[in-house]
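Using the sequences plus the hints, can you model the full thing?
There are 2 protein chains.
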Amino acid sequence: MTNDTHDAALTSWVESAQEADTDFPIQNLPLGIFESTDRQPRPGIAIGDQILDLVAAMELGLLGDSLATTIHECERVRSLNPLLAGGRSTLAALRNTASAMLRGNVDEGVAAEKYRGGLLVALDDAELLLPARVGDYTDFYASIYHATNVGSMFRPDSPLLPNYKWIPIGYHGRASSLVRSGTPVRRPNGQTRDDAASAPPTFGPTRRLDYELEVGAFICAGNMQGDQIAIADAESHVAGLCLLNDWSARDMQAWEYQPLGPFLAKNFATTVSPWLVTLDALAPFRRPAFVRAEGDPQPLPHLSSDDDQRRGGFDITLEVLIGTALMRTQNIAPARISIGSFASMYWTVAQLVTHHASNGCNLEAGDLLASGTVSGETKESRGCLLERTWRGTEPLTLPGGETRRFLEDGDEVIMRGWCERNGFRRIGFGECAGVVLSA
Amino acid sequence: MTNDTHDAALTSWVESAQEADTDFPIQNLPLGIFESTDRQPRPGIAIGDQILDLVAAMELGLLGDSLATTIHECERVRSLNPLLAGGRSTLAALRNTASAMLRGNVDEGVAAEKYRGGLLVALDDAELLLPARVGDYTDFYASIYHATNVGSMFRPDSPLLPNYKWIPIGYHGRASSLVRSGTPVRRPNGQTRDDAASAPPTFGPTRRLDYELEVGAFICAGNMQGDQIAIADAESHVAGLCLLNDWSARDMQAWEYQPLGPFLAKNFATTVSPWLVTLDALAPFRRPAFVRAEGDPQPLPHLSSDDDQRRGGFDITLEVLIGTALMRTQNIAPARISIGSFASMYWTVAQLVTHHASNGCNLEAGDLLASGTVSGETKESRGCLLERTWRGTEPLTLPGGETRRFLEDGDEVIMRGWCERNGFRRIGFGECAGVVLSA
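Chains A and B are the protein sequences, given in the same order. Counting from 1, position 240 in the first sequence corresponds to residue 240 in my numbering; the numbering is continuous, with no gaps. Counting from 1, position 95 in the second sequence corresponds to residue 95 in my numbering; the numbering is continuous, with no gaps.
There are no misleading hints in this set.
Computed spacing ranges between beta-carbons, pair by pair:
| no. | chain 1 | residue 1 | chain 2 | residue 2 | range |
| --- | --- | --- | --- | --- | --- |
| 1 | B | Gly204 | A | Val291 | 26 to 34 Å |
| 2 | B | Arg336 | A | Met1 | 54 to 62 Å |
| 3 | B | Asn3 | A | Leu60 | 58 to 66 Å |
| 4 | B | Arg155 | A | Ser152 | 16 to 24 Å |
| 5 | B | Thr378 | A | Asp306 | 49 to 57 Å |
Everything labelled a hint here was simulated from the structure, so no lab data went into it. All residues carry an ideal CB built from backbone N, CA and C; glycine is no exception.
What follows is the structure, encoded as structure tokens:
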């Protein structure tokens with residue numbers, strides 16, 4: 001549901017928020033945790049090329065009492081968790097307050113602009129931290145294109161398993177190794193065994209390091225252990241979305257994943273983008289859920305609602321860029337190697353949430369549910385190198401002439417996401433980036 | 001390595017610590033978090049039928065400055081995590097201090113006994129909470145008997161997969177649904193599909209609810225992301241052990257587990273016993289690691305050390321009892337349905353730790369690494385009903401005449417563990433218990 005905070009005509013007294021290509025116009029207002037040389041970690045909102053310091057806003061009395069208490073608690077614990085625990089209504093209240101405070105032509109905005117120096121910190125002068133303390137991180141497998149592609153490589157006889165169209169397949173990931181965008185990622189060591197060999201496995205640096213382009217959903221209000229979350233209520237438990245890079249070591253994964261799933265091939269690092277783009281901000285960019293093929297089963301009743309079918313999808317364009325060490329020395333900009341849409345997912349975010357809690361598993365504020373690799377129908381929309389180079393058999397050629405089957409040391413992977421629609425301002429997610437270090 | 005705290009001749013001024021069948025003689029000194037009507041959650045040490053209140057000991061000046069600071073911090077965060085973060089040396093210091101304080105015949109003990117009323121809380125008057133705030137919970141699959149048994153049911157053509165003898169197979173579990181012993185567990189709902197049927201899956205209460213008997217290892221000092229933990233150093237990262245019941249819904253598991261592993265079949269609840277029995281307390285009960293069969297591969301060098309081969313095992317006897325609703329109305333005591341030993345595990349605790357960090361995954365203080373179901377070679381030592389009743393084909397008969405294939409509503413599952421060795425006092429883990437509620 002859109003409201004006056006989405007009005008494309010809104011402008012901010014933060015001039016850069018009006019630039020056409022900014023990810024952060026006043027219609028976005030994404031939440032994060034930042035620090036700078038003179039500010040301890042604290043919650044903020046991205047606006048143009050600046051961050052609105054919510055602690056400063058609190059101290060200046062620009063927030064209501066209830067929001068002020070919550071923001072103070074976020075400052076204390078250095079995460080958005082207390083804000084998330086307040087649920088969608090608290091997030092909406094903050095959005096309304098921040099929108100008014102940043103507008104150029106209303107009383108709240110005029111009052112706030114006077115404190116410009118205290119309220120704003122340039123993005124360039126800030127370090128962006130993980131937005132939430134993630135208690136549990138769950139990774140799904142919600143793209144049928146990704147599942148089919150990977151399945152056909154790992155299990156040529158049965159690429160898409162019989163449960164796929166019935167269950168949003170997922171597994172638990174590692175919360176401790178979630179890192180903020182910009183953190184270098186060391187190439188992991190691990191056991192691998194050549195597919196056909198009878199020789200023993202060996203231990204050493206992975207030779208098939210990959211990224212996975214994913215979208216993550218942060219949980220706000222949780223559910224009590226033993227209780228379910230109805231599909232109609234699922235989105236009231238979701239604060240918003242971010243981008244993720246679920247770094248993966250494909251050779252380790254192939255050797256270890258049976259029967260209990262991926263483990264060391266995935267848990268060495270997962271990069272999270274700095275800004276939580278709220279579901280409220282994404283309201284103009286909703287679209288119908290994936291349309292199942294004729295003959296495909298309909299989801300079981302607890303995973304199905306007309307409303308979710310009608311607007312369970314998100315029109316988020318997603319791209320992946322790679323820049324290599326050589327390209328940097330030659331001043332060649334990172335090159336796009338894929339572009340696709342989050343609208344291609346077989347399962348909706350609401351279905352992921354409802355499924356996750358359908359056995360009474362308790363979700364908690366700050367939990368992160370990732371979509372799994374976002375791959376679409378076309379080659380160009382495949383969200384990892386395993387698919388993009390078809391297990392290395394179709395290498396990509398980069399500007400400057402290098403080729404890539406998998407990631408090499410020094411490669412930087414950059415993920416971006418944005419939403420566009422006629423009649424609305426474009427909004428974006430900022431970058432999810434990381435450079436590969438040698439093992 | 002044993003020292004004077006293990007001396008079987010030691011006695012305590014807490015009389016019940018001398019009883020032959022107590023789990024908590026002065027040689028044990030396990031750590032937990034408790035609360036009572038007049039004491040907020042705080043760290044304590046079990047001694048006989050009492051708990052030594054470590055906050056009271058701190059306030060009475062009976063701890064050194066450094067330990068006092070740590071205990072105060074544990075009280076503040078209501079978990080043992082700050083103590084665990086101090087590593088093995090801090091735990092050893094606390095053990096030595098508590099041992100002296102509780103002895104009847106040394107100055108420290110004589111001084112402490114005067115404050116008996118303040119220092120002690122009866123176990124019967126206390127609520128025992130989870131010992132640690134678990135950031136990440138990992139579940140392994142370290143019993144080759146369990147893996148072979150379960151594999152032969154789920155994959156008759158390849159019960160033990162080719163990676164099993166090379167990799168300590170594990171996966172990430174759910175931290176939020178870890179519950180303390182005594183918490184009732186609701187029968188989960190979930191999707192299941194009859195093995196042979198072409199009919200669609202259905203959603204409803206599991207019909208194959210099971211327990212899994214496991215031993216958990218609490219991490220103390222962690223490792224930095226990107227760093228490994230050498231096998232020779234692995235036990236310096238382990239504070240001690242506890243018991244776990246990894247409740248499992250077998251019908252849901254069979255339908256969901258491919259290709260990413262168990263998820264909703266496991267994450268609705270895992271029960272943790274209240275006491276962390278330190279590795280120091282377990283020193284007298286070490287034994288050689290599992291002796292691999294002739295022809296079995298030796299572990300790769302990074303997972304292998306002479307010391308671990310010589311003493312990587314633990315002689316912990318483990319039993320599971322069931323009491324049904326009907327048995328309780330007839331005053332029939334819970335009946336033992338299995339007994340085995342933790343010494344039967346194929347992989348050692350040190351190997352689990354080293355493997356987990358071998359890709360640079362960062363372990364953190366308070367993390368919990370569970371062994372997976374502890375099953376031995378004999379029928380009587382099988383650690384879950386799936387194996388114990390061979391997928392329900394060999395039902396167990398309970399005292400009172402009931403039979404069990406899987407758990408029924410009202411069933412209480414009780415797990416116990418203890419160590420015995422000539423020349424040493426018996427020590428135990430206390431109970432890991434939970435009753436099944438209807439869906």
